[in-house]
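Assemble chain G onto chain V, guided by the hints.
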Amino acid sequence: MFRTLRRLRERGVIGLNGRNLDYISRYNARQLYPLVDDKYLTKQLALRAGVAVPELYAMVEIQRQALDIPRLTEGKRGFAVKPSMGSGGEGVIIITGPAKDGFRRSNGEIISREDLNYHISRILAGVYSLGGQPDKALVEYRVDPSPVLADVSYLGVPDIRIIVFLGVPVMSMARLPTRSSQGRANLHQGAIGVGIDIATGATLSGVWRNEIIFEHPDMGCPIVGINIPDWDQLLLLASRCFDLTGLGYQGVDIVLDKQKGPLLLELNARPGLAIQIANNYGLLPRLKMVECEATALKTAEERVDFAKQKFGVPIPAVPGTAIVN
Amino acid sequence: MKRFHLVLLTLVLFAAGLGLFAYKVYWLHFPTRPDQQEGRWVVEAHLAFSAKNQPVKAVLRIPSGNENFLLTDENFISRGFGLTTKIEDGNREAVWTKRSAVGPQGLYYRAVVRKGGVEEWGGKSEKPKTEEELAGVRREALTSLVTEARQRSADTETFVAAVIDLLTTRAPSSNIRLLLGRNPDALKKAQVAAQTLVEAGYKARVVHGVYLTNPGRNVPWVHRLQVLENNVWTTYDIKNGSRVSGDDFLPWWHGDAPMAEIKGGNRMRATVSVDHYQEEAMGGASEYAMRVAPGLVEFSLFSLPVETQRVYRIILLVPLGAFIVVLLRNCIGVTTFGTFMPVLVALAFRETELLWGLVFFTLLISLGLLARFYLENLKLLLVPRLSSVLTIVVLLMAVMSVMAHKLDMERGMSLALFPLVIMTMTIEHMSLVWDERGAFEALKQGAGTLMAAALVYSVIRQPLLQHLAFVFPELLLVVLALTILLGRYRGYRLLELRRFRALIKDKP
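Protein sequences, first through last, are from chains V and G.
Taking our numbering, the leading residue of the first sequence gets 1, the next gets one more, and so forth.
Taking our numbering, the leading residue of the second sequence gets 1001, the next gets one more, and so forth.
Everything labelled a hint here was simulated from the structure, so no lab data went into it.
One thing to keep in mind: the hints can contain errors.
[What the hints assert, rightly or not] Under the rule of at most 30 Å between Cα atoms (straight-line distance), these lysine-lysine pairs were calculated in the DSBU-like manner:
no.: 1; chain 1: G; residue 1: 1002; chain 2: V; residue 2: 298
no.: 2; chain 1: V; residue 1: 310; chain 2: G; residue 2: 1505
no.: 3; chain 1: V; residue 1: 308; chain 2: G; residue 2: 1505
no.: 4; chain 1: G; residue 1: 1379; chain 2: V; residue 2: 136
no.: 5; chain 1: G; residue 1: 1379; chain 2: V; residue 2: 76
no.: 6; chain 1: G; residue 1: 1188; chain 2: V; residue 2: 288
no.: 7; chain 1: G; residue 1: 1115; chain 2: G; residue 2: 1239
no.: 8; chain 1: G; residue 1: 1098; chain 2: V; residue 2: 288
Same shape as in the complex, but just chain G:
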């Protein structure tokens, strides 16, 4: 029964730990490596115009993000303008207003874009705007275009391809020339294609955006055709009529409206620049998780103040150190001073680094032991003697720090973080073992403690483990499960094989 209980408990712990871990890695894209970097883009729209000393209203269409991109850190920069944002015809718009302004004005919109978005903010439910009624010959031309494309296609995709093909062919028919006008650009073609599709009963729109792949100032607009298929907007390249994925295309706005409109000003110029940079993956992942699973971030370690987070980066590794001590003691059979003394010493090593840590620890303990043996002669009571040793340890540490500083050894300064009281108790304990069981046993245990501390230190300083423990604290449940399992380990300790080796000889 107890056995079943134990197995069940460890299974639950394993499942909970690994399950949450998997959820965070696969669904929330939490990075599993500490140095994982992630691409980010800064897009910036600049609206410049001259004000004519009358009320100004500037409208700038701004991106809303889609399933491929997430917008974070949006900034609207303007001086003295009132700002509202609203959703108009499925587009997000920033509206700047001012009672009166004179001279050149600059309005900025700035956002950080990263991959992995959520649903469009106002996108899907929106109905495509019906085109204004077309009259006369234009309408006739449109109808014949629809008929021709219908004949050459079988389904939506091929229909769209046929329309685009007809519109972009080198020798367009007179109908199409009428629709496109003289020297049509990509935008015009896209607009006519959208009109044609609407005429044919589809829901279609033109989407304007930028390619994030070529960052720079004043990046060109790219216009694409979007058709609603099965309630999803599918994007078509207007040049060749093929479907395109939206991996590196950031849609900015859609429809026939221009990117910006202005009242009470002239000489308007709107430009967009794209900048690319790398950022620690964790920041992005938590922003994403904030949208998808806000509770998880709200109640995670990331919600703590940065100072506290730093402390937890260390604290969360302590269970791992304790687990190593369990392995060393119960599976190998190493004897150490105190149960978790090695973990504490290892934490102190973090400040001094291993080599110096070992040197300082050994020096401090040796000098402390000498002092302790001297105090032995004075025949003091226990607590006064412990306090005396503590005082001596403090003084020794101060002396060593000063000496290290004079010798230009930076590391000496961090010595002060060695756990004082622990050192004192170790000295006392070691001197007792020295008295009772001899120098050999005392040195053996001392060496065991140092070895265990060095091992714990070299494990907990791994950046990967630090990262995993902090980002995925649920993995400690797995450590807990393993520890519980080891708690029922009844086999021999490695060093017992040596201890009992006399017994493996056959009976005489």
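Next comes chain V alone, as it looks inside the complex:
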């Protein structure tokens, strides 16, 4: 046990206590939390700053407004219903299009209008919000995921999580839905996290249920060495989110849309730590490096350059295979 402790410390792995004390409570001012806890506010901020987000079709604040959803989403290629203050992907329903007496969900089921209304009423009552406070439901553009990651995902929408510390992207991973995550991209629900090299945007090894993996558990396709398109643009988008909210330590969730490119999905003031396993690398050395240098880095471009210079890692060798160049 003490050996484990020592190894983890050597590798600069940060635990929940350390993250909460040294980063979240120190760099994330509490009054800024609503900006990220409420996705509607985040969206407004992003739009003002020119950061691309999924288009909002409707915001339901009182139950009656739910009746307008069919009219507002007519002609769109489906939509997503989300609690504005939800966390961990809970309470999100993806609709791919209308069906007889209702809508078709992304998992193929039909949901009746009545059931969708009930779901929205649950959202409004605060079932999915932090602390159970009354919430709003967002009806927005259904992302059409870019095939780069969608090809290695089992249904659902894969996204990219970038940890941004004082505006510098320090670590990143792609989150791929699996059969067991039921199309959701959250690690604790069973999705895979695949580390991404900050310097190049190429995927590294992955983590699934706290184990390091190299292939998708459902599909068997390799997950190492996939190049994320528009990587620099993604890093810049993530870096700008610091200016957007002022939160020093945040997780930026970005989705790659086939047509619209990278879209900011949501921000997280308490991003998880599994990203360290996905990258097979501890966060602490990078965070400390940024802590020393951050004041010298003024613009998002400078910060991205700094990250690309410092945080590059070689693509890991997959056990049992030879790397074909």
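Below, chain G without anything else, positioned relative to chain V:
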């Protein structure tokens, strides 16, 4: 700076908590163990006499306590007599008076005596009474006794020893025979010894008391010689002239006066009985503290009504439970429903005891969950659904109580003390986790909650901890200091070592 501040704060808390604790333990003798017992004695003086149908005045000398003994709960029992107490010649006296009385009368004085007294009530400042002038040969005899004892001694102690030795020797000289008279008893010897010492310029007196070591009815009086040395009365045994400690000797009165005097009555009989019993140490300690540091007792939890005290016996353990939750969550990494839910469940376990508590909790939550899943189908709004679950939980509890009663399980009755609303919220929370993260996660958190509750319960039911928390609430400052220190713990949680174990393998 912040670090310094924190260290300083915790040090202050530690020092305050432990300092007050040490003060109460070492100076005020507060018991540190709940079952600590303490010896107590009840001394009772009974004054019986026959009244002669005329004004009656009875004087009974009563003890005042000294540095070894504390008198508590003094009672004076008499029928129809007026009572005053006063201090006369350094003795406490109870004076009973009545305009007229006929026939046998009984007057009682009763007191509880415990070890660890304070200064004598009227003792030290009092000057020993000078003996009445002695005349003629008696005086000559006394002077020669003093001279002889002086020759055989070097200091006060040996002088006293020499006097007593001369007085108690088998073949006393004619001088001494003159002083003691025929067949002298211990009292006479003590009185003559005191006279001799006064003649020699010392302050001396005879003290009369009882041994507490042999309880019984009508215990014999023991007479001892006391000499003032360096403003402290030192006691000498009249039999062998040695100094004695006053550990088990309760002085009753001193001087030549008898224990009781009566006017307007005859056939007087005064007896003393001693009874011994054990009492909870806490009672005595607080009585003592009342004398030494009245403010401390006045503003302690003991000043509260007993009902409130009972509540605080429980409440004061809550911080300890919370501290355990902190350990479990931040150092081990156990996930529970709600932050302090385990503490509340543990408090409920107090009424049902652990095994039944676990059974009832599990049953209630499982049945509640079933109801909750059924309600899910009805698609209710949040608050009505919560209220429905609450109603169902109440009904389930009632049914379980009745069933337990019919099956002669006493424990079922106390089920009613389970925190209702907490149960309802747990059911709701658990069903949400069940929906969102799957049955495994929900059961894991449920098990974590139960485990934490069981642990908290087994800690807070320790009688020692209950006692310590109630008698020494300042120890909670130490718990607070530890909690604050843990609040700055940035190391790994135990379960994180498992979570991150994939990272300890060397890089490929």
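Can you name, in rising order, the numbers of the hints this structure does not satisfy? Result: hints 6, 8 break, sorted rising.
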